[in-house]
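Chains as they are written, first to last, in UniProt numbering: chain A, 1 to 422; chain B, 1 to 422; chain C, 1 to 422; chain D, 1 to 422.
Note that these hints are calculated values from the structure, not bench results. Hints should not be assumed to be uniformly reliable.
[Said to hold, decoys possible] Label pairs and their in silico Cβ distance ranges:
{"#": "1", "chain 1": "C", "residue 1": "A372", "chain 2": "B", "residue 2": "P163", "range": "38 to 48 Å"}
{"#": "2", "chain 1": "B", "residue 1": "G257", "chain 2": "D", "residue 2": "D236", "range": "41 to 51 Å"}
{"#": "3", "chain 1": "B", "residue 1": "G365", "chain 2": "C", "residue 2": "L186", "range": "15 to 25 Å"}
{"#": "4", "chain 1": "C", "residue 1": "P189", "chain 2": "B", "residue 2": "Q198", "range": "44 to 54 Å"}
{"#": "5", "chain 1": "D", "residue 1": "A180", "chain 2": "C", "residue 2": "N75", "range": "53 to 63 Å"}
{"#": "6", "chain 1": "A", "residue 1": "S367", "chain 2": "D", "residue 2": "E184", "range": "15 to 25 Å"}
{"#": "7", "chain 1": "D", "residue 1": "F78", "chain 2": "C", "residue 2": "D217", "range": "50 to 60 Å"}
All values derive from a computational prediction rather than experimental measurement. In this text, a Cβ means the ideal position worked out from N, Cα and C, and glycines have one as well.
4 protein chains.
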Amino acid sequence: MSTITATAPTVSLQRFQEIRARTEKICAPLEAEDTVVQPIIDVSPPKWHMAHTTWFFETFVLQPHLPGYKLFHANYGFLFNSYYNTVGNRVQRDARSTLTRPPLRDIYAYRQHVDEHISQLLQQLDDDKAAAIMPLLELGLQHEQQHQELLITDIKYILSTNPLVPAYQAAPTKAPHTTAVAAEFLEVPGGIYSIGHQGSGFSFDNEQGVHEVLLQDVQVMNRLVTNGEYLAFIQDGGYTDFRHWLDEGLALIKAAGLKAPLYWLEQDGEWQRFSMHGLEPLDPHQPVCHLSFYEANAYATWAGKRLLTEFEWEAASQLYAPSKGNFMESELLEPAAATPGASGLQQLYGDVWEWTYSAYHPYPGFSKAPGALGEYNGKFMLNQMVLRGGSCATPQSHIRTTYRNFFHPDKRWQYNGIRLAY
Amino acid sequence: MSTITATAPTVSLQRFQEIRARTEKICAPLEAEDTVVQPIIDVSPPKWHMAHTTWFFETFVLQPHLPGYKLFHANYGFLFNSYYNTVGNRVQRDARSTLTRPPLRDIYAYRQHVDEHISQLLQQLDDDKAAAIMPLLELGLQHEQQHQELLITDIKYILSTNPLVPAYQAAPTKAPHTTAVAAEFLEVPGGIYSIGHQGSGFSFDNEQGVHEVLLQDVQVMNRLVTNGEYLAFIQDGGYTDFRHWLDEGLALIKAAGLKAPLYWLEQDGEWQRFSMHGLEPLDPHQPVCHLSFYEANAYATWAGKRLLTEFEWEAASQLYAPSKGNFMESELLEPAAATPGASGLQQLYGDVWEWTYSAYHPYPGFSKAPGALGEYNGKFMLNQMVLRGGSCATPQSHIRTTYRNFFHPDKRWQYNGIRLAY
Amino acid sequence: MSTITATAPTVSLQRFQEIRARTEKICAPLEAEDTVVQPIIDVSPPKWHMAHTTWFFETFVLQPHLPGYKLFHANYGFLFNSYYNTVGNRVQRDARSTLTRPPLRDIYAYRQHVDEHISQLLQQLDDDKAAAIMPLLELGLQHEQQHQELLITDIKYILSTNPLVPAYQAAPTKAPHTTAVAAEFLEVPGGIYSIGHQGSGFSFDNEQGVHEVLLQDVQVMNRLVTNGEYLAFIQDGGYTDFRHWLDEGLALIKAAGLKAPLYWLEQDGEWQRFSMHGLEPLDPHQPVCHLSFYEANAYATWAGKRLLTEFEWEAASQLYAPSKGNFMESELLEPAAATPGASGLQQLYGDVWEWTYSAYHPYPGFSKAPGALGEYNGKFMLNQMVLRGGSCATPQSHIRTTYRNFFHPDKRWQYNGIRLAY
Amino acid sequence: MSTITATAPTVSLQRFQEIRARTEKICAPLEAEDTVVQPIIDVSPPKWHMAHTTWFFETFVLQPHLPGYKLFHANYGFLFNSYYNTVGNRVQRDARSTLTRPPLRDIYAYRQHVDEHISQLLQQLDDDKAAAIMPLLELGLQHEQQHQELLITDIKYILSTNPLVPAYQAAPTKAPHTTAVAAEFLEVPGGIYSIGHQGSGFSFDNEQGVHEVLLQDVQVMNRLVTNGEYLAFIQDGGYTDFRHWLDEGLALIKAAGLKAPLYWLEQDGEWQRFSMHGLEPLDPHQPVCHLSFYEANAYATWAGKRLLTEFEWEAASQLYAPSKGNFMESELLEPAAATPGASGLQQLYGDVWEWTYSAYHPYPGFSKAPGALGEYNGKFMLNQMVLRGGSCATPQSHIRTTYRNFFHPDKRWQYNGIRLAY
C-alpha cells in the first residue's frame, strides 16, 4: 500500500517551532493589505497561506488526536480548506480575496492557538500515539514548507503588480558572483536506473513506487542557462520564429503578447528585472527563471539541445554529488550565478526548479491513500510537467533527489528555469 | 456656456472639514484588509475612494492654485485618477485591488496633508482667487459626497461576499416602523413643466439647461414598493414568466440564475436579507431595494403599472412637498418603512433611488465644459437609466429635485428601488 | 388599446405574391452554402430568413384561420420561431447555423406550400374572415419586408467574411453621381409637434400613441455626411482623440482595434470599401454608412455639431417634402451621393438609416398587444437607439415618416449613417 | 536523421485513386449545406477536409515536382492550409465556416484537377523522380486517410447538432452481435520490449526512434468496456463522486454539466444514443465510446483498475495476434460488440481508439524533419494523451501496432473508448 510517508519519523518540538516561525518571518515585511489580495488565481493571499497551513494541523492532527480540543473558530474549516473534497465544502479557489475578515491579527492568534496545542500534544505522547501522529505532523511540516515557497513566489507576484514596484527586502550589500562560467556537457551513461524514493526518510506518495527505468546515454549541461544566454535567444528573434515553439506555446505567447520571461522589463533598449530587491539591471550570469515550459523548450530547441526527462535528471543526480545549493535559508530569494572553477554538475539543487520533458503521471504501482490525504497529489496527475531540484525559495530540508514538483506548462510565477541536454 | 456649477458658492472651512471627516467616519469600522479588495469591477476598494477624493482636491485645487504646493507623492496621480483622460494615464479601473501599497495609514496621512493645505489656502484667499477656487472646492465636496454613498454601497458589497457575513454596524436598538401603509395614487396633471436646475445653488452640468417639457396626466404611487409586495411577485412566479420582462432582462436573470433582489437569501422557505446590520429576517414593509432596472420594470409590468419618466418624477416633486427623508445622516443605512397616516408622496427623497424609464441623455443645449471637468458627466450619456431622489446612503445636503443619478440597467449594488405610476 | 395595425387593410393576392417573390429574388445570386452560416450572432443564415418569414404566415395566419390546414413539417415551428416565447421553444438564436438540414430546396418547397395555401385562403374569404385575417396578413408582409432588408445586410456581411470577397452583383454600368454638394443647415422651428402614427395605413405598435412634443429651434443639415467628410475625421486623428467619444464607445474601439467604418480597408494609403459590388475605391461623395452610434456621435462632436433626436427628425420630415429616395427597389443596394442643386432636405428617406440621439423607449400610452404579437416590439425597448428614414436596402412601401427602427449603439452591419444638427 | 517515412514506397495509381474515391464516397450522403459549417472548433467543415487533402497533394507534390503545373486557384493555398507555418498565412482554424465560397462543386472540380495531374505525373516517372515523389505521395495518402476518419467523426457531430437528428445512413439490416462476453484479464509479462516502428513500411515520425523499454507484469482485459458496464458506473453515481476523478476532469464535468458520454440521451429513464443511423436504444454490449480521457480514467478508478500505458499496449499487441478488426471498410461506422468464444485480446484494433495513460511526448532521439513536413507531428507533443489501435472510422490499411494517435484529454467527439488493466 502506498502511503504519504514511508516510515514513522520523529518530529521534535524544536523543529516544529522553527518551521512555523519561518513562515511568520517570511511574512514579516508585509503590510496587512498585502496579505489579502489574489491578483491571479494561482497566487493565494499570504494571509490565506498562513491560515491554511494552520488549518492542516488543526484538521489532521489536533481534531482527531488531542482529546477535548476545541476548534479555534467554527467557520475556519470552510474558509481555509484548499482542495480536500473529503473534508467538505470550502471557499472556491478563485474567491480567496473575499476573505478580508478574519483580519491578519486573528490569523496570528489562530497560529498561536494551534501551535500551543501541538506543543501540548507533543508533551503528552506515548509510543502508540506517536506512531499515529508523527507521520501526520511530519506531513504537516512538509506541507508548511511547500507553502513557504509559495508564499515567497506569491508575495513576489503581488508586489510586482503594484505600480510602485516595492522591494520585498533590500539587496544584499555584497553582490553575488557574476563571472561567466563556460557551458560544458557531462555524460550520464545509459543503463538501468532505480527511480523513486527508498529509505526511511520522508517522501511524498508521488515519488514512491521504486522502479527500474532503462535509459540511453545522455550529455547534461554542467550549469543552468543564464539570463545572458536567454537574452541572445530573444535578440535572435526567438519569440517570433515559430520553428522553435510547441504549437500551444506559440498561440500562448501571441495571445498574451509575451516577449520575455516574467518580471523582465525593457526600456529604451536596457533590460531590467523585478526581483525581491525591486527593479534591478539584468545580471547576465544569473540563471534565467520565471519561464514557462514552452519558453524553456523553445530555448532548448533554438540552442539545438533539449530538456532532460525526469528520469535522466534523477540518474544524473545519483552520479554527480551536488554542489551546495542556494536555498530559501540563504535569504537571497533570487537565483545566483554559477561558481567559476567548480566541477561536476552545478546548481542541480536550489536556484531554480528545472523543467523536465516528463509529464506528471503516476509511477508504476502508485495508489492513492484512503481518505483526505489521498487527495494530496494523485488527483493532479495530468496536464502538468515535472520539475526537479528545488529553487532559491525552497527550504533546504524539504528537497531531495527523488522529489517531484509539478506545474502546468504555462506557469511562470515560480522560480523555474532551464538545464540543457542532448 | 455650460459649467459644472452655475454660480460661485462659498465653501467654509468648517463645511469642508465636516464633509471630509464624514468620509473617515464611514470607514472607521473597517479593517485595513477590507479597504483593499475589489470583488467586482463596480466596487472600488474603500482605500481607493479615500485616496481618489483627496487626489481630486490636490489635482484641481491645490496644484493649480496654491503657490509652491508640493505633491504628497509623485505617483499618486497615476494611482488615484479615476477616469479623467485629460489628466493622464492611470491604474485601470479593474486593477484597483493591486494597490495594496500605499497602506491605509499612508492614505490617512495623504488626506491630512491635503486637508491642511486646503485649510491654508482658504485662509489666504482674496476675492479674485475665491472666484476661481470656490467652484472647484464646491465640486470637490459634491464629489466627495458622491463617493461617501459609493463607500457605503461598496462596503456593503465587500462584507456581503465574506463567508462570515460580518455586520458593518449593530442594528438600531429601536426597530423602525413596520406597519403596512396602503398604496394610493395621486395625480400629477398634464401640462408644460420647467425641467432642470435654476437658481444660485450648486448643480451638475447634466441637470442644467432648463427647458420646458410637455407632460400628460399621470397617477403616482404615494410610497415606495415594499419587500412584501415584491415577495408576492416572486411567489407568483415573477422570475419565470417571460411576459413581464424586457428581453435582455430575461436573458440576464436566466444566465445569472437570479431569483430575488441582491442580498436576499431563502433558506427552508424563510427569507432573510443581508443588511448593514448583518443577516436579518425580511421586513415586509421596508422598501424593496438592490434591484436592477429590469427587475423594477418587470415588477411594474406584473402589477399592471409602469415606472415614471424622470420628467414626471421631477414634476411630481414640484407639486408635492416631500416628507423628511431617510438619508445617510440618519445612519440607519437601510431604507425605512413608510409612515402610516402621512399625506402626499412619501419617501420621494432618501430611502432608495427610484429607477425611471428615462435614458440618461443630454438635456437640450447641454455642452461639456472644456478640460478635465468636462469628463465628469457627459461621456457617460448612453446606455444608462436615470434614477431620482437619493437614498439612505445619500448625504442630505447633496440631493435636490433636479438631481440626475444614473446607472446601467443591470446594476443592483446601489440602493435602487421602485415607485409605480399609470 | 394598442394594436399592431391601426385599421384592417386589404392585402391583395398580387401584392402578397410580389413581396414573397422579392425575397427569393434577393437570394437568387447565392450558393446553397452561403445560406447556412451565421458568422456573428446578429447575422442570420439567409435560409433561416426565408423559412422564418414563411413560418410567420403559417403560424399566425394559416394554422388559426385555414380549416384543415396541415403543417408542412411538424418540427419547423421549433426550427424557425425567432423570439416568440408565447409560441414555444425554439432553436437558440446563436445556434441557427446548426440548421444545415432542411436543405435549401426544402425551404423553397416550404415557401411554395405556404404561398399556395395563402392563395387558397384569400380566394375563399368572406367579410368576417377578412377582418380577422387581413391585419395578420399585412403584418406578415411588413415582417417579410423587414427581413428583406436583413437578408441584404446579412448577405453583405457573409460575403465580406469570405477571404475571396465575392461580389453579390456586378457594379452598375453607369456610375452614380459623385459631385460634391455643399453642406447647408435648414431650420426646423421650435413649437409643439404631433408625433406618432395616425391615419388608416399600416403602422407598428411602437409608433402608435400619437402625442404632442415640445421642441426647440433646430438647424438640420441638408444632406447626409459623406465618406470624404468622415475620412477627414479619421485623418484628423478622430479615432484616437478621447474628447470626441462617449466613454463606452472609446472602450469599444480600443478593444476591437477599430479605425474606420465597417467594410473600409486601407492598403498603402489607399482606401477601399467592400460593397455589394465587391471591393471598390472609396467614393468621397457617397454617404458614409456601416457606422456604430458611437462613431456617428464622435463624428458629430468632432464637427462641432450633434445628432438629431427622433422627434426633431420627425418634425423635419413633416416640414420638408422628401426628395425621391434610393430604396431597395433601385437595386443599387449601396447609398448614393446627394444630387447637386436640389433644395430642401435631401436623402431623408432611403440611402442610410440616420442614427438619432433618442433611446428606443415606449411612447406615452404604449401597451403591448396580448399574445405572441405583443412580443414583436415592446420587449426590446431598452439599450437601443432609434434610427429614422430607411436605407438603400429598405423596401419603399415599408417606410414612412413615423417609422422607428432601432439597434444597439455598437451595431455596424446595417446601412446606418449620419445627419448633423445644431 | 528522422524522416516522415522510413523508406521510399511505391504508390500505384490504382491505390491513389481508390483512396481519393473513398473520401468522396464518405461525403456522398451529405447536402451541400452540411459541408460548410463548423459547430465547434474541433470539427472542420467537410468541404474544407476535401479541399485541404487536395491542397496537400498540390502543394507538396505537384507544385515542386510537376513541371509547368498551374495552380487550380491562386487563393486556395490561403484557404486550405491547415497549420503549416512554413507554407505561409492561412484562414484561422476557427474561421473555416467563413468559406461558403468556393461552393462544393468547385471543390469537386479541384479534386478532379489535382487527381488528373497526379495521374499524369505518375505516368511520366523515372526512378530518380520516383525516389523524391513517392514518399510525399505516400504521406499524402496517409494524410488523406487521417482526414477520412475526421470526416466521419465531424459529420457525425454536425448531424448530431441538428434538431432533426438526421441519420447519416440507414441501420444495417442484420443487427450486430449483442451477446455478453465475460471480462477476463490476460498477462503481459514484464521485461524489456522494443517500442517503435521498424521495417520498410510507412510510418510517421512520431512512432520512429525504436528504443527499448523496461516493463513490469501487467494484466490486460480481453475486450473493451461496454455501454452496459459504463451505465453501471453512471447509475452508481460515478459522475458525482469526486474520488474517481482527476481534479481537472471533475471541474470539467461540473462546469459543462456532463452526466454521460457524448451522444447519450436519457428520456424518462430510457437511454438512447445518437449514432450514424440516427437515435437508437443503447446497446449494452457495444463498446462504450465518445468519452474523454477523464471519463475513461474515472471509470477505471471506479472499477478498481487502471488504463494501460502506450508501451504496455504495444507490448500486448506484440504478444497477442489481434482478431480481425471493425474498421471503416465495414461501413458500420459504429463499434461492434465483442465476439463470444473468441480467445486472446479482442478488439485491439478497430472499434474504438483506446485511451492510454501516456502523454504524447517525443520518443528518444526524435527530431523534426526540416521544412513544412516537420510541422506534421512534433509541435503537438504536449498536453495530449496517446490513443492506440484505431477505430471503426479508421481505414484498415492506415493502422499498425506502433501507430500513435493523440488528443487532448477532454476531447469526446472521436471514437475513443476504454480497455482496463491492473
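Right, here's what the structure says about each hint:
At about 46 Å, the CB distance of A372(C) to P163(B) agrees with the hint of 38 to 48 Å. Taken as a hint, the range 41 to 51 Å is violated for the pair G257(B) and D236(D), whose Cβ atoms sit roughly 29 Å apart. Range check, G365(B) to L186(C): about 20 Å between beta-carbon atoms, so the 15 to 25 Å window is met. The supplied range of 44 to 54 Å is broken by P189(C) and Q198(B), whose beta-carbon atoms lie about 24 Å from each other.
A hinted range of 53 to 63 Å for the beta carbons of A180(D) and N75(C) is inconsistent with their spacing of about 37 Å. For the pair S367(A) and E184(D), the supplied restraint of 15 to 25 Å holds, since their beta-carbon distance comes to about 23 Å. Taken as a hint, the range 50 to 60 Å holds for the pair F78(D) and D217(C), whose Cβ atoms sit roughly 56 Å apart.
Hint check: violations occur at hints 2, 4, 5; the rest are consistent with the structure.
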